[in-house]
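Enquirer: Top line first, the protein sequences correspond to chains A and B.
For the first sequence, this note's numbering assigns the number 177 to the initial residue and increments by one for each residue that follows.
For the second sequence, this note's numbering assigns the number 551 to the initial residue and increments by one for each residue that follows.
Simulated from the structure, these hints should not be mistaken for lab results.
Built from N, CA and C at the ideal position, the CB exists for glycine as well.
There's no promise every hint is true.
Claimed, not checked - Cβ-to-Cβ under 10 Å is the rule here; a few derived chain A residues that face chain B:
| hint | residue |
| --- | --- |
| 1 | 220 |
| 2 | 227 |
| 3 | 241 |
| 4 | 452 |
| 5 | 475 |
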Amino acid sequence: MTRSRFDLVLDQCIDNVRAGRRTVEQCLAEWPQHAAELESLLRTATAAGGLALQAAPDPLARARFMAALRTTPQQSPSFWRDPFARLSGLIGVAGRSALLLAPAAAVAVIALAISLGRDATIAQAATLTVFSGQVERSQGGNWATLTDGATLTEGAHLRTGSDGRAQLTFIDGSTVAVEPGTELTIERARSNGTREIALHQVSGRLWHQIAADDRPGSSFTVRTMDATVYAHGTVFETTIASGATVVSTAEGLVEVVAGTHRLAVASGEVASARQHIVVTPAPVAFAQASRTEVKVDAPFVASLIGPNGRATGTLPSGITLQQIPGALNTGTDIGTQRINLRDIPEGEYTLILRRIADGDGEVVLNIGGAERKVSLSAQAESLTVKLQVAAPAARTFAPAATGAAPVTAVAAVTVSEPASRATVLQEKVVVTAKMAERAVEVLRKQGRTPTPTPVPTVRPTRTPVPTRTAVPTRTPTATPTRTPTVRPTAVPTVPATPTARPTVVPTLPPTPRPTEPPRSTATPIVVTTPTPAATPTPTATPTANATPTATPTASVISVAVP
Amino acid sequence: MRSLDASDALSAQAGALAEREAVDRLVLLAKDGDAEAFGGLYDRYQPEILRYLVNHVRDRDTAEDLTQQVFLKAWQAISRYEQRNVPFKSWLYRMAHNQMVDHFRTRRHTTGLEGVDRAEPAEAEASVLANERRRYLETALRRLSADHREVLVLRFIMEKSAAEIGEIMGRKEVTVRGLQLRALRALRREVDAMGGVP
Numbered sequence: 177m178t179r180s181r182f183d184l185v186l187d188q189c190i191d192n193v194r195a196g197r198r199t200v201e202q203c204l205a206e207w208p209q210h211a212a213e214l215e216s217l218l219r220t221a222t223a224a225g226g227l228a229l230q231a232a233p234d235p236l237a238r239a240r241f242m243a244a245l246r247t248t249p250q251q252s253p254s255f256w257r258d259p260f261a262r263l264s265g266l267i268g269v270a271g272r273s274a275l276l277l278a279p280a281a282a283v284a285v286i287a288l289a290i291s292l293g294r295d296a297t298i299a300q301a302a303t304l305t306v307f308s309g310q311v312e313r314s315q316g317g318n319w320a321t322l323t324d325g326a327t328l329t330e331g332a333h334l335r336t337g338s339d340g341r342a343q344l345t346f347i348d349g350s351t352v353a354v355e356p357g358t359e360l361t362i363e364r365a366r367s368n369g370t371r372e373i374a375l376h377q378v379s380g381r382l383w384h385q386i387a388a389d390d391r392p393g394s395s396f397t398v399r400t401m402d403a404t405v406y407a408h409g410t411v412f413e414t415t416i417a418s419g420a421t422v423v424s425t426a427e428g429l430v431e432v433v434a435g436t437h438r439l440a441v442a443s444g445e446v447a448s449a450r451q452h453i454v455v456t457p458a459p460v461a462f463a464q465a466s467r468t469e470v471k472v473d474a475p476f477v478a479s480l481i482g483p484n485g486r487a488t489g490t491l492p493s494g495i496t497l498q499q500i501p502g503a504l505n506t507g508t509d510i511g512t513q514r515i516n517l518r519d520i521p522e523g524e525y526t527l528i529l530r531r532i533a534d535g536d537g538e539v540v541l542n543i544g545g546a547e548r549k550v551s552l553s554a555q556a557e558s559l560t561v562k563l564q565v566a567a568p569a570a571r572t573f574a575p576a577a578t579g580a581a582p583v584t585a586v587a588a589v590t591v592s593e594p595a596s597r598a599t600v601l602q603e604k605v606v607v608t609a610k611m612a613e614r615a616v617e618v619l620r621k622q623g624r625t626p627t628p629t630p631v632p633t634v635r636p637t638r639t640p641v642p643t644r645t646a647v648p649t650r651t652p653t654a655t656p657t658r659t660p661t662v663r664p665t666a667v668p669t670v671p672a673t674p675t676a677r678p679t680v681v682p683t684l685p686p687t688p689r690p691t692e693p694p695r696s697t698a699t700p701i702v703v704t705t706p707t708p709a710a711t712p713t714p715t716a717t718p719t720a721n722a723t724p725t726a727t728p729t730a731s732v733i734s735v736a737v738p
Numbered sequence: 551m552r553s554l555d556a557s558d559a560l561s562a563q564a565g566a567l568a569e570r571e572a573v574d575r576l577v578l579l580a581k582d583g584d585a586e587a588f589g590g591l592y593d594r595y596q597p598e599i600l601r602y603l604v605n606h607v608r609d610r611d612t613a614e615d616l617t618q619q620v621f622l623k624a625w626q627a628i629s630r631y632e633q634r635n636v637p638f639k640s641w642l643y644r645m646a647h648n649q650m651v652d653h654f655r656t657r658r659h660t661t662g663l664e665g666v667d668r669a670e671p672a673e674a675e676a677s678v679l680a681n682e683r684r685r686y687l688e689t690a691l692r693r694l695s696a697d698h699r700e701v702l703v704l705r706f707i708m709e710k711s712a713a714e715i716g717e718i719m720g721r722k723e724v725t726v727r728g729l730q731l732r733a734l735r736a737l738r739r740e741v742d743a744m745g746g747v748p
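Use the sequences and the hints to build the structure in full.
Expert: Here it is, written out as structure tokens:
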């Protein structure tokens with residue numbers, strides 16, 4: 177080995193030590209003639225490597241950059257190719273100094289715009305509902321546990337643990353269910369004028385229910401490292417797994433943009449994207465895949481309540497919920513409601529049916545193609561059906577022809593009427609003013625008289641009392657009725673802001689209990705254990721103080737429906 | 551650490567090819583003015599460029615500002631980028647390097663790393679020693695020429711190979727190895743001149 181090749185020896189040793197193929201000592205033994213200087217330089221190199229500073233990502237950096245980018249024009253190729261064009265450009269009004277300053281100026285202008293644009297409507301981007309497990313937010317490089325009702329603002333970087341299930345409720349009523357092992361950032365969330373919500377999903381599974389908003393400029397986007405998904409008034413899910421992003425539309429239409437590909441994914445379709453280059457439409461129809469469905473052909477509304485209070489269905493107040501990933505609630509007219517179950521998480525679910533108008537009918541449970549009907553008499557007020565859902569099949573999105581599409585498997589069904597008080601029947605719902613408005617519209621279309629929605633008066637300090645959000649308008653019958661009631665459970669825990677409008681809390685008195693249980697006319701399908709008699713114990717315990725919210729358009733309450 | 555077997559190598563090769571194709575497509579789209587495509591490039595390379603600049607300027611806020619400027623300039627100038635000449639990432643690195651040089655030219659070193667407090671009494675805690683050691687090295691690194699500092703940062707902090715550094719710095723690989731040798735010797739001399747790393 178000549179002296180002139182010492183730089184090569186050094187370079188190889190550096191590579192070998194870094195890759196773990198050699199230790200410094202082994203390198204020295206291999207090159208004894210260079211050992212003295214080699215040792216000194218390898219030690220120095222190792223020390224230099226220890227100087228590395230890590231830079232934690234700033235979740236807002238991208239939003240700021242993209243805002244600046246959109247106001248920064250590109251230079252045309254002729255600027256570089258044509259010296260005369262370049263010269264004239266430099267001598268012109270723009271000038272070289274302006275050219276050099278342009279990016280910095282753009283940054284400054286955008287920064288100012290962002291600063292000025294931070295009005296009250298983005299003080300609170302979303303309200304967090306924690307259904308189970310660990311939900312954390314990144315703060316200064318560390319992860320801090322979030323509690324139910326936490327207020328999230330733009331830039332919030334969140335993750336759920338292996339058992340963490342949560343939901344984000346945005347001001348416009350759009351909701352995003354967050355499954356275990358998911359990490360995301362709320363990059364943008366505002367609805368002053370138009371709705372602008374942008375999420376950056378890093379991992380896991382999100383189930384989105386996007387409120388319809390046809391106003392120009394309205395947007396809801398989910399960005400992953402593989403693609404960007406644009407949605408308007410739809411229900412869809414985004415899952416990141418095996419290095420790809422899978423987009424599945426349950427209702428409506430979303431657009432997936434990945435690299436040069438731009439694909440509309442309609443209801444019942446699935447697409448996958450990988451590294452911005454592939455978008456593969458996978459013809460797995462939602463309807464084909466989900467042969468498990470609840471069909472309400474009766475003047476009742478149904479709500480499927482999962483473990484920990486997650487619910488998909490409709491409340492008597494007209495509020496619709498899409499909280500359970502893989503379950504889709506459709507139909508707002510009386511007697512048209514459907515809850516379609518594709519691949520909902522395993523566990524025990526309670527389907528509760530609540531009367532909203534006079535008449536009888538039936539509920540059809542289509543479980544894996546086998547129909548089971550439950551009659552609902554004119555006297556029945558409520559009905560409880562327990563569903564034991566088995567572990568979902570592997571989440572593959574192969575073509576339907578292979579039959580590999582995930583299907584919810586229901587292992588056992590138990591029916592009891594009336595809905596048992598002893599049963600935990602609490603939908604954890606965060607209701608925004610926009611959601612309440614839409615609920616009123618639903619009631620009007622049904623020909624029912626909208627009761628003031630759960631956005632009533634302000635009670636910032638008192639313990640809230642149970643209230644009633646919507647009263648069925650049917651003619652009273654002789655049968656004692658159990659009117660569905662809405663009880664506050666987790667009243668918003670939004671931090672008080674001096675300038676904020678206070679959150680509203682239901683204030684109506686409790687609904688009287690029936691003096692005797694309604695007569696049951698339903699035929700149980702499978703009765704495993706007798707349902708305990710109704711115990712007039714309040715199931716919803718008000719626990720939190722109502723505090724003002726930070727935004728005039730985001731009146732938020734949490735309610736539980738017994 | 552196990553060595554790569556044949557299937558690992560093939561898989562890595564396929565992954566690298568797919569990644570290169572993805573970047574090429576995004577670059578083409580960005581050249582046509584597609585901001586979202588450029589956003590895809592930003593997502594890929596912003597963390598690395600930020601880390602590179604943080605390790606040069608040793609200040610997070612400054613590095614973030616510089617990073618944003620680098621990408622905005624890249625967006626402006628992407629029409630003149632030719633894929634056949636240099637990988638896009640290396641092109642970004644060159645812009646980041648120029649941005650950093652401009653920064654130091656205008657700022658005239660205000661980082662305060664020049665003055666190391668040698669009077670601090672020796673303490674037993676390892677963290678104190680580690681901090682002391684870091685400050686000595688940072689000072690020594692700061693005293694090197696720009697070329698030497700650049701090659702050391704790229705090689706030992708950004709963990710690039712000599713070939714990659716060659717693409718970034720626009721030099722031959724053999725030249726980079728020689729530069730690396732001289733840079734390490736220079737750093738060693740600076741450290742020795744300061745009395746050695748504690």
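Enquirer: Run every hint past the structure and note whether it holds.
Expert: Consistency of the hints with the structure:
1. 220: holds (5 Å)
2. 227: holds (6 Å)
3. 241: Status holds, d = 6 Å.
4. 452: Result: holds, 5 Å to nearest chain B Cβ.
5. 475: Violated, because the Cβ-Cβ distance from residue 475 of chain A to chain B comes to roughly 48 Å (cut-off 10 Å).
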